Amino acid sequence: MLRACLRGANATARNNFGKTRLTNLQHCRHYTAGETSGGGAAKVVAAGLVTVGGGIGGTILYAKWDNKFRAAVENNVPYSDWLLGLALGPPSPKSGLPIKKQKELAQPPSMMDKQTNVSKAKSEKKVKEAAESPASEMSPVPIQPAQSIEEASAEATHIISAISEVTSVPAPCDTEGAAVKAVSASLEESLTSSAKATLQAIGAQEAALQAITRHTLKLKEAMEAEVPPQEKSAQWKDLEAALADRTGAVNDAETALSKANEALDSLKSVIDKSKGLKVSAVRPLVLAAEENLHNMVVDLDKVVTKVHSAESEAKIVSQYSELVNEAKQQFQREVSSLTPEIQANWKGLTGKLSSDDLNALIAHAHRRIDQLNRELAEQRVREQIHIDAALEQQKLEDQKALEKAVSTALQHIKEEARLEQERKLSELREVMEAEMRTQLRRQAAAHTDHVRDVLKVQEQELRVDAEQVLSSKMLEQETRYRQLSQEQLDNFTLDMNTAYARLKGMEEAIDSHVVAEEEARKAHQLWLSVEALNYTLKTANADIPTVPLEGAAQAVRDSCHDSDFALALSSALPEESLHRGVYSEASLRARFNSLRSLARRVALIDESHNSLYQYFLSYLQAALLFEEKQEAPPAQLCSEDLDPFKLLSYASYCLEHGDLELAAKLVNQLRGEARRVVEDWLTEARLTLETRQVVSLLSAYANAVGLGTTQAP
Amino acid sequence: MSEKELGKKWDRCLADSAIKLGTGLGLGIVFSVLFFKRHTWPISFGSGVGLGMAYANCQNDLRSHYLQKIAASE
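Here the protein sequences line up with chains A and B, keeping their order.
The first sequence runs contiguously to residue 713 in the working numbering.
The second sequence runs contiguously to residue 787 in the working numbering.
For reference, chain B alone in the conformation it holds in the complex:
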């Protein structure tokens, strides 16, 4: 059903963002702990990265319908 698509998208988005954020955070923490002497900036960097990626992915996913695909058009 077409109405469920949006919901699915949002689910994916959230899941993705959660993962990415988590991963970023995790990685930031790791890097912060391991390499950057417990500075907070890798953490925030990592979480930012993660968030940004998640945002971008989400947006892309939501937009995907409106993109003209070359394979489909041909």
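This is chain A alone, in the form it adopts within the complex:
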């Protein structure tokens, strides 16, 4: 038991210790593992994130650079188009097919038209402002040249509309657009500048015209009007002012005209340059510009002719006025020569003249009249000649003017015709283009129909072929499948049969084994229970009996229900041993040793000798008698050996040599008080001996049975 306790203590100590060590280790491992595993895991995670981020970034950058790659990525990876659109914006149009380009090329005319309509309002405003300024210049002019103003405004609107038509937005086509843009921009510029200049020139010319007419009228008035002398001076002053005006206006007109001509020349050069580019989209622009140019030139020419005519008229009037002035001057001189003291203004001098003066004057007048009559006669004579000369001159001049007019008109008409032709050409071209497009469309439609039909036919053929192939393959597969399944089935049945047979054999073997094992098991159980019973006998410590053998005996009885012998034996166990247990031989031995002295002391006491004196004598005897501690008993006891002392020494010897039975037998021979004293010991010894005998018999029986059931290898 001590050993068991120690073992238990060790075990518990070890367990505790082991557990604590385990837990410590676990903790340590946890900490260290945690640290290392945490660090390692973080590193791995970080590396993975960096890799993924780098991959995505690289993909996006490359997609930005190469659109084909971008398209490929968008096709293959779902949701990549969303991501790429987010990162880079929508895919660039450069990646479109060439068809798109052609479409875009086809768009310019329509776009231009739209945009001309849009920009018309803007440019109208701009040019109206430019036109208003010359109009405002003209407004302070008196009412008479209203007609010319209207004409001018009409021309201005004409020019405005021309400009607005031409200020078209350049074509949106990429490759030719730049050139066209440049061309149209230059055209626009030059057109606007030339228009401005022309307008200015026209305005100036108009102004000049008006100034000239005014001057002429004034001159006429001054010549013919019979106004009082005070007003005459005012009139002459007005006339001078008008003359100054006229000259200024004429100069302005000249400069403006020159400027306009310059601008028109530049426009012409620009037009020629753009014509030289030979770009189709520019042609309508060029056409329009040329038309405008022509119109402006025409207008300018008209105005210039008007101005010239006015000038010529003015020249005539001025010539007439000069002549009149000259005559007046002549007369004045004559009068002054005659009457030097008289002033020039002779009309107001009626009361101051003397009779001599008057006579002289009258004589002079008469002489003058004669002279004039003579001149008149001469003149009448030379009238025809003069007239003819004048007519000739006039004819010449008329011829010149006519020629000039004709030439200019011819030029204009030529120009117009050319423009018309170009316009018609462009229109025709457009029409041709449209027709061609329709034809092409028709052709394309026809082609697609044909292709469709051909495809249909091909599809049919291919389908038939494919179906044939499919059906043959299917048949083949079917047959193969059936074959395989049949094989499988046969194999399976074969395997099943073999397995079944083996199973049957195995079952039989197992059954026989089971039976044998059952027997063996029972025997083993019996043996085990007997061993347990045997072991319980050993549980006796010093002075403590064994545990009650009831349990073990019950176990033995349970494990041997079919063996009568064993049953009988197990029931032969004494009750006392079952309920209380038996003492071990060692304890009996020890007890005997203490008993022995007592028995020696009461050796003389028996039924008849049991007084106190006897007791005293007995004690004395015990004190004085010495015998062998242990003496080997003889094989047969004689009467001498029945002496208690001898018996006790024999019993001691037997006990020392482990022979409890003989010791008990010897002790049994004691009589009297000694016997009474060792009675209990004897019963105990008897119990132990009985139990041991039964147990040994049982174990022998179990061994025999076990041996019987054990199978030799």
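Derived pair list, reagent style DSS-like, types lysine-lysine, alpha-carbon separation capped at 27 Å: (1) B:LYS717 to A:LYS629; (2) A:LYS665 to B:LYS717; (3) A:LYS646 to B:LYS717; (4) A:LYS315 to A:LYS395.
Source of the hints: derived by calculation from the structure; they are not laboratory data.
Note that this is a predicted model, so its numbers are computed, not measured.
With chain A held as given, fit chain B onto it using these hints.
Leaving out everything else, chain B in the frame of chain A:
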């Protein structure tokens, strides 16, 4: 245990004899002092009585096993 019986008997015996002797002695002393004017004979008488009684008791006790008891035999 049967071997302890003898020991028990002897214990009883000794105790008894001690008591009896003591009592006898005591009584002897008392009587001697009280009634017999300090003679020694009551003391010795008393102790003798006590001793005798104790002896007899002891003997009886030791013998008791060998006596046939009527109640037990019937």
